[in-house]
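Start from chain A and add chain B according to the hints.
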Amino acid sequence: MNKMVKVEKGSSGWGGPLFLKCEGKKNKVLSMTGGGVHELAIYIADTIGAEVVNGFKEVPNDEEIVCAIINCGGTLRCGIYPQKGIDTINLYSIGPSGPLADHIVKDLYVSGVKKENIKIVKEADPVDVEIRTVEETASEIELEKMDEKQEEEKGNSVFNLLSKIGSSVGSIVSMFLDAGRKTVDLLLKTIIPFMAFVSILVAAVQYTGVGEWIANALTPLGSSLWGLLIISIICSFPFLSPVLGPGAAVAQVVGVLVGTQIAAGSIPPEFALPALFAINAQVGGDFFPVGMSIMQAKPKTIQYGTPAFLIARQISAPLAVVIAYLFSIGLYS
Amino acid sequence: MAFIVDFAETFVGFFEFVGETFVGMFTGIVPILIGMLTLIQFLVNIVGEGRIEKMGQFLAKNPILKYSIFPVFAQFFLGSPASGTLGRFLPERSKPGMLEALFRIGHPLTSLFPHANPAELFVWLGVAQGIEQLGLPVGALAIRYIITGIVVGLISAIILEIVFTIIAKRNNYQV
Numbered sequence: 213m214n215k216m217v218k219v220e221k222g223s224s225g226w227g228g229p230l231f232l233k234c235e236g237k238k239n240k241v242l243s244m245t246g247g248g249v250h251e252l253a254i255y256i257a258d259t260i261g262a263e264v265v266n267g268f269k270e271v272p273n274d275e276e277i278v279c280a281i282i283n284c285g286g287t288l289r290c291g292i293y294p295q296k297g298i299d300t301i302n303l304y305s306i307g308p309s310g311p312l313a314d315h316i317v318k319d320l321y322v323s324g325v326k327k328e329n330i331k332i333v334k335e336a337d338p339v340d341v342e343i344r345t346v347e348e349t350a351s352e353i354e355l356e357k358m359d360e361k362q363e364e365e366k367g368n369s370v371f372n373l374l375s376k377i378g379s380s381v382g383s384i385v386s387m388f389l390d391a392g393r394k395t396v397d398l399l400l401k402t403i404i405p406f407m408a409f410v411s412i413l414v415a416a417v418q419y420t421g422v423g424e425w426i427a428n429a430l431t432p433l434g435s436s437l438w439g440l441l442i443i444s445i446i447c448s449f450p451f452l453s454p455v456l457g458p459g460a461a462v463a464q465v466v467g468v469l470v471g472t473q474i475a476a477g478s479i480p481p482e483f484a485l486p487a488l489f490a491i492n493a494q495v496g497g498d499f500f501p502v503g504m505s506i507m508q509a510k511p512k513t514i515q516y517g518t519p520a521f522l523i524a525r526q527i528s529a530p531l532a533v534v535i536a537y538l539f540s541i542g543l544y545s
Numbered sequence: 355m356a357f358i359v360d361f362a363e364t365f366v367g368f369f370e371f372v373g374e375t376f377v378g379m380f381t382g383i384v385p386i387l388i389g390m391l392t393l394i395q396f397l398v399n400i401v402g403e404g405r406i407e408k409m410g411q412f413l414a415k416n417p418i419l420k421y422s423i424f425p426v427f428a429q430f431f432l433g434s435p436a437s438g439t440l441g442r443f444l445p446e447r448s449k450p451g452m453l454e455a456l457f458r459i460g461h462p463l464t465s466l467f468p469h470a471n472p473a474e475l476f477v478w479l480g481v482a483q484g485i486e487q488l489g490l491p492v493g494a495l496a497i498r499y500i501i502t503g504i505v506v507g508l509i510s511a512i513i514l515e516i517v518f519t520i521i522a523k524r525n526n527y528q529v
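Top to bottom, those sequences are chains A and B.
Counting in my numbering, the first sequence runs from 213 upward without gaps.
Counting in my numbering, the second sequence runs from 355 upward without gaps.
Just chain A, with the same shape it has in the complex:
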């Protein structure tokens, strides 16, 4: 009887779930991790009744491979098997990256996998049903196999230790690389484009006459507590806040404008803190129902929560300005 396993992504992994089983000639689990066959490969192979192959010693034909186990930090290897249409399990938590990133798709690739992410499913009912007893026997078999494996590599304890150190260093380096990649991605896709926009905005304010016009309109509001209170009350009108909210675009633009006026001396710097709350009185106004569904709130909670949120904001927004005003006492003076 062929068993099937469901492989889910690990806690910070990506992709999947994959369903793996042997079919005819397709009966080999390829371990491409280096430093001997990885225990996860042995575990999967034993569970589904496949043969484990160490990819560094012999290379099976592509059509014989059930899945490939890799530990790739986001370079070539993690894309190479998905490109060939082979199910790929990456032990490191790497999303689509590297030159073959386009081939890394959820149907073929799962990452950050640990042993607890692998579940056994019944052939008849391939979704979700787990058999605990089978799992236990599987791990027994695994233990035996591990022993055999260790006998095979007898006297290699120094080598084993070295490869263990190597793989943990590798996993930390790969986490760093992944973090760096996400950072650069974020900078390129969200922060730098906004900087380009803000540069033009600032230049337009300072280079043209618009600056004076804004200063005339903003200074009386921005340089007194009453003015800031008025801004916060207007921004938190229940019919206005959802319109002003999206992407904090309004708050960001006004933030930049307030900044230029502080630099120009028309708004005193000690008003920066209450101003930050006044211009942001509408924060999240557009996002409340979506945020509530992210929290898995019940439909009725969302239904009654949304008007409650808008009304409560009308009260709390001016209050926030007053609190910020009190907290700014003693700043820059």
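Since the hints were made in silico from the structure, they are not lab data.
Note that the coordinates shown come from a computational prediction; the quantities given were computed from them, not determined experimentally.
The reader is advised that the hints may include incorrect statements.
[As the list claims (entries may be wrong)] Lysine-lysine pairs mimicking BS3-like chemistry, simulated, CA-CA at most 27 Å apart:
id, chain 1, residue 1, chain 2, residue 2
1, A, Lys-331, A, Lys-376
2, A, Lys-512, B, Lys-523
3, A, Lys-215, A, Lys-327
4, A, Lys-510, B, Lys-415
5, B, Lys-408, A, Lys-327
6, A, Lys-510, B, Lys-408
7, A, Lys-218, B, Lys-408
8, B, Lys-415, A, Lys-512
9, A, Lys-238, B, Lys-415
10, A, Lys-233, A, Lys-326
11, A, Lys-331, A, Lys-218
12, A, Lys-327, A, Lys-296
13, A, Lys-326, B, Lys-408
[To be verified] Estimated spans, in silico, between C-beta atoms of each pair:
id, chain 1, residue 1, chain 2, residue 2, range
14, B, Gly-367, A, Gly-297, 53 to 61 Å
15, B, Phe-380, A, Val-271, 44 to 52 Å
16, B, Thr-381, A, Ser-375, 39 to 47 Å
17, A, Lys-326, B, Ile-386, 29 to 37 Å
18, B, Ile-516, A, Ile-541, 22 to 30 Å
19, A, Gly-421, B, Gln-411, 54 to 62 Å
20, B, Met-355, A, Pro-450, 55 to 63 Å
[What the hints assert, rightly or not] Covered stretches of chain A, going by a simulated chain B footprint (3 or more residues, C-beta under 8 Å):
id, stretch
21, 400-412
22, 530-541
C-beta atoms are modelled at their ideal positions from N, C-alpha and C, and glycine is treated no differently.
This is chain B only, laid out in the frame that chain A set:
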């Protein structure tokens, strides 16, 4: 002819000014972000979702922490809007308040920890740059911004919870 030359010079001058502003921002902000975002992302990778959720469950139980430290914790480790996912550990009654507190702490937190909501960084940076141009320290403002954010978040969340309970009661919705 002189008119065209004038126009061209103003035109080019404008974009030179844009360039200067951009380079100033780029060299001032990006190098700091590169290191900081990478390290924090690494930290989040190491800690892992499992442990973050466990901590979330613990914080959600405490009536004072749930609207003050819990939102800060969620925004720091998961960032906006994924931070909302931790709200599922709260009872229905507290969910709107938690979301409000998340909104309120989000932008203040970006002043010291820009990864919390990098797409909306300029709410803070816009104002902060004005302070910087005056030669005043922005750190003091950032710390006050965060503390105020926590206090405002807590108070706003409590106000929202009261309003929500009233509206729910009127509609016979048990929370």
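Now the hints, each set against the structure:
1. A:Lys-331 - A:Lys-376: holds, 26 Å
2. A:Lys-512 - B:Lys-523: holds, 12 Å
3. A:Lys-215 - A:Lys-327: Given that 27 Å is the threshold and the Cα spacing comes to 17 Å, the pair holds.
4. A:Lys-510 - B:Lys-415: Satisfied, since the Cα-Cα distance of roughly 19 Å is no more than 27 Å.
5. B:Lys-408 - A:Lys-327: holds, 20 Å
6. A:Lys-510 - B:Lys-408: Roughly 22 Å between the alpha carbons, so the hint for A:Lys-510 and B:Lys-408 holds.
7. A:Lys-218 - B:Lys-408: holds, 25 Å
8. B:Lys-415 - A:Lys-512: Holds - the C-alpha atoms of A:Lys-512 and B:Lys-415 are around 22 Å apart, at most 27 Å.
9. A:Lys-238 - B:Lys-415: With a Cα-Cα distance of about 50 Å, the restraint between A:Lys-238 and B:Lys-415 is violated, given a limit of 27 Å.
10. A:Lys-233 - A:Lys-326: The given pair, whose Cα atoms are some 18 Å apart, holds under the 27 Å limit.
11. A:Lys-331 - A:Lys-218: Given pair A:Lys-331, A:Lys-218 holds - Cα atoms ~5 Å apart, limit 27 Å.
12. A:Lys-327 - A:Lys-296: holds, 25 Å
13. A:Lys-326 - B:Lys-408: Satisfied, since the Cα-Cα distance of roughly 19 Å is no more than 27 Å.
14. B:Gly-367 - A:Gly-297: 53 to 61 Å: For B:Gly-367 and A:Gly-297 the Cβ distance comes to about 57 Å; the hint holds.
15. B:Phe-380 - A:Val-271: 44 to 52 Å: Holds, at about 47 Å.
16. B:Thr-381 - A:Ser-375: 39 to 47 Å: holds, 43 Å
17. A:Lys-326 - B:Ile-386: 29 to 37 Å: Hint holds: Cβ distance 34 Å, inside 29 to 37 Å.
18. B:Ile-516 - A:Ile-541: 22 to 30 Å: holds, 28 Å
19. A:Gly-421 - B:Gln-411: 54 to 62 Å: holds, 56 Å
20. B:Met-355 - A:Pro-450: 55 to 63 Å: holds, 58 Å
21. 400-412: holds (count 9)
22. 530-541: Since 6 is at least three, the answer is holds.
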